[in-house]
Each structure stands twice: as C-alpha cells, then as structure tokens.
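Let chain A serve as the given structure and place chain B on it in line with the hints.
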Amino acid sequence: MRSLFANKTLGVFTLLSILLILFIACPLAGTIISTSPALFLQTLQDPEVREAINLTFSASLMATGLTLILGVPLAYLLARVSFPGKWLVEGIVDVPVVVPHSAAGIALLMVFGRQTLLGKAFGLLGIQFVSARPGIIAAMLFVSLSFLVNAAREGFEAIDPRLERVARTLGASPWQVFWHISLPLAWRNILSGMILMWARGLSEFGAVVILAYHPMVAPVLLYERFQAFGLRYALPVATLMILICLLAFITLRVIANRPNRKDNVHDPIP
Amino acid sequence: MTQSHSLTLQNLTIDLDTFYLHDINLDIAAGEYFAILGPTGAGKTVLLEAIAGLHMLKKGTLLLHGEDVTNCPPETRGIGFVYQDYMLFPHMNVAENIAFGLKLRKAASQVIKTKVNHIGKLLNIDHLLHRAPISLSGGEKQRVALARALVIEPQVLLLDEPLSALDPSTREQLQEELRHLHNRLNTTIIHVTHDFEEAQALGDRIAIMNQGTIAQVGTPEEIFRTPASEFIANFVGMRNIFKGTTRPNKDNQENTKATIAFQDIEITALTTLKGQVHCTIRPEDITLSTDILSPGQINCFEGKITKITPRGAIAYLTVAVPPTFTGLLTMQTLKAMALQEGTRVTLSFKPAAVHVFK
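The listed protein sequences correspond, in order, to chains A and B.
With our numbering as the guide, the letters of the first sequence map in order to residues 1 to 270.
With our numbering as the guide, the letters of the second sequence map in order to residues 1 to 358.
What the hints contain is simulated information worked out from the structure, not anything from laboratory work.
All the pointers check out, no bait thrown in.
Short derived list, chain B residues pointing at chain A, Cβ under 8 Å:
(1) Ala52
(2) Leu54
(3) Met87
(4) Phe89
For glycine and all other residues, C-beta sits at the position ideal for the given N, C-alpha and C.
Chain A with its partners taken away, still in its complex shape (with noise of 0.2 Å):
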C-alpha cells in the first residue's frame, strides 16, 4: 500500500477508483441494510414473491438452457470458420446489449404478438407469448443471448486449433472433435457465460413488462410494489434480487478462478 501511494498517479487513480465503486456498494448496501429482518422474513414467505423468484429463476433457467442448445454452435462457427457477412452475424449477437429493452420488447412483440403470423403459428400449436411464460422466456433470450455466445466463443477461439487437428489425425471424427476436445475445454466459459446469462434474464425488466406484465416476474413484482405500497415494501424484493445476484456471480467467481489445467490453451493465432 506504501509503495502504491508513493506514486502520485496510482494514487489519484485509486481516489477516483473508489469514487466509482462506492457508487455501486452504497445503494446495494443500504438496501440491504434498510431492509427490516422481519419484512424481509415475511416477504420471503410471500406466495406472491415466492411465485414470482420461481417463475423468474426458471424463466431464465429456459432461455439459457435454449441458448445452450441454439448458441454454443453459433459461438463454435464464429471462433473457427470465417464466411463472408460474418461482421453481420457478429453484430446481430451484440445488438441486444445497446438496443434500449423497451424497444426490444416492442421488436418482440411485433413477431410474437397475438396478431402477427407466427403468434398465430404458436397459438395454434397452444403457446402463446402475450401474457404468458413462453413471452417471458423469450424476452431473457432476446436480452441476454449475448453474454453466453460471447463467452462460449471466447472460449473455442482460447482452444489451439492444432489440438483439434491432432485429435483428428489420431481418428476422431469432426463431431467427436467437438464432443471430447473443444467442448470439455471451452466448459468454463461456457459455465460462465450461462450463470452470466441466466442473471442478466433474472434481472430483466423493459423487455418482458411490454411482453408479459403477468404472470410477474420479481423485478416486475418489485415495480409493481414500489408503485402500490411505496419504498417499504418494494425493499425486500429488491434485498432478494441483489442477495441472488449477488451470490451468482461470487459464484461465477469461483468458477473464473479455479486452479487451470490448461497448460496447453493458447491465445489464437492470429
């Protein structure tokens, strides 16, 4: 720390870095500690919110899990194939994360809404997005698909491509390739990026209000409290949701940090 600051500008950047970082801390921490034990005791015994967290945590669980399915290949193709319009496809991964979540849930509602063809399609088959769950899972999708494919691609390009080559002249098909080399090694990222997705579609608002205002989603919940009750009653749903995401990414930490065995993982070649 002495060392630290000795240097004038390590210690005007440390000044400022606090600054920052209590800007973050203090409004979590006073929300948690403005929250009476007993209120939040009770509110975690609220079938209301309990409704509320399980339908949001398996909403989010859903789209990730679909992601998982649908994204992993997308992040394989774009960390080892390059094909022309590539710089488009990147960009369609990375759009949710600017475009306003409002608006995403308007863009949504415009291809799955009660009245467009394929919410007609859907409805046929007996899923409807409008109000209902499936509107939900597709609003954290929409909002959240980022994180995972990202982190999946930064995971395959991490891997020698010359690993996966040599696992082919020693027999494995390009499919086994991928099933006992690339996706063993690109795990991590891939269960980063899923807890990483899963939380952004927790705490997801804009988007499924416009989509599905019910059934409620927590960070909908809490809205809806805030504007009926007022402050008291909002602050316990608000507790949980930063208690759970709290705990997801010391979690996701602890993942980040464990001890690597990858002595053979390089950066790509470029």
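Relative to the frame of chain A, chain B by itself:
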C-alpha cells in the same frame, strides 16, 4: 530399407491465406526416416498437415501405399502427428491422452490398458501415466505426444519440429530415442526441422524446403557436399560461398577445369558450368600454413587471420585475403602453429575441393 513407396506426393499445391505450397513432389519409401529441412515460414508445417489431411489441396495427389487418399479425411488415414509444442489434451491425464485414439477405435478396455502400458514402457513414461500434462517437463510431454501417436500404430508418423522446444541435453537424448524407436518399429517417419544437424543425424534422406517449394532432395551427405543453390549452401551452414564468373582455362584438356574469377582472385575448380556460378569450399578442405607463398601456384592465397572462433576441440579461422575465407584447425594444431589474430598465413585447397553450382 524396402523399395516400396509408403507415401507419394504428386504436384501437391496448397493455397492458404498465409501459406502457399507449390507443386511438391516427393516419394518416401516404406520405413524411411525422411527429414524435411527449411527455415521458418518455408511451409513445412503446412506440408505435414496436408499429408495428414488437415488442409484442402488446391491441386495434386497423395498416395499412401499406392492408394489415393487425396480426399480422405484425416481420421481415416492412419497417419500419426506430433507437434513441436506437444498439443497434449489438457483435460485428460497422460494415460487418457495416450488412450484417446484407441478409445475412438472402440478397443476393449483391457486391450487399451495393455497397449498404453506397453507404449509407456517403450518411451519411459510408464511412471507418469496418472499425471496431468501440465505437471510434466518438455521432454516428458513430447514422449507422451509420441506415445499417443504411436499407440494407434500409424502407417506414417509425422513429426513437426519435435525437438525444437526442448533443452539441448533432452533434445540429444530424445533424438537418440527417435532413432532407436524408428529402428525398432520401422514406421515411416517424416520429421520436419530447421536444424541441419538434426536432419543429418536422423534422416535417411533430407528434403530442403524454401518458400513453399522443395529445393533439393538427397542424402545428408549429398546435400552437405553438393548443395544445389546458394540458399541451401547457406542454410546447411556452408562457409566460403563465393559468386563469380567462369573463364575458359588455358590448359583445359578434359574441359572440366575452369577458372572462376571473383573480386581480385581466381579459383580453379573442376566444373563444366559456364557463366555466373557459385562455389563453396568446406573449411576442413582448406590447408593453412605459415610458409611463404610460392608464386603461380593455383588456389593458393596469402591473407591475414582476422578472427579465431573456438568451438570445443576445433577452431574456425577467418582469413582475409580478401575475400574472406574460413578455415578449420584443431585447437592442438592452432597452438602448435602459434597462430593468432593478425598472423599472416597461406591458405590453399585442391581444385576438386571446390563445389561449383549455379
């Protein structure tokens, strides 16, 4: 060595973004230890990967034991591959790495166990089987990589700079073992390296590669004695490479003797080449003495020692005539002759010691 061809490359041409291989033709005999020698960026690795089936050919054919495998995927070729930096699967232990190819072939677990133990013993890594690759030394990793490739009993084994990442003593030891393994298993081996001494020590024959083409193929002796170009001469560590013009020789009865003029001196050599040529004289073929120059003698020049470079029991002497020649003496002779930098000496060599090439 049998005469049957293990591997035949015909007009092999590859066009990758970063590398281009042009019209590669090679015939490699079954059981041959074939070295491919070339500088970094010559396309050696790409050539090996192409033989393994890892790159699409733009043109050409690849025959494996007479059978056309040009369009066969790598997993069906039965060609083993070992990379310079080992490429061990980091999520598997040593035994799992070695067993990988056997498992894909659906071998019975007892068979896998026996084969892994056997190859482990052969390569002296049987005590490491349970270890993770990250915990091994470079030499150990390379043995595991070799075991993993050999356990599937490949028809051809491709080695891409297998010794380059190792420290000198490990390199020497593993080089010896490679020779030993080859003698014992009689697998056809293609060994890529940028080190001429390694190629010379191991290869039955050597192909010199430069800028995506094969520049010369021959036994180590042929390549060292009679390099086909200035590039090869330089690359194999030839010294005394001179460029000059041949002149008709007065007393040239057999039409093989020529005088090559360059800078201010003339060298007499045995050659039928005309015009612009290169010539080299091996340092050990140059005789150095402190005797006074007898006038008119061919290939005899006087110069000053500008540098003495000891290399173990021998020393290279740079003698400026000019041009600059490099001679070779044992340290013992060097001491006996009391030569030092600055001493004037006479150097001479026979016309037959001059290798002339275009």
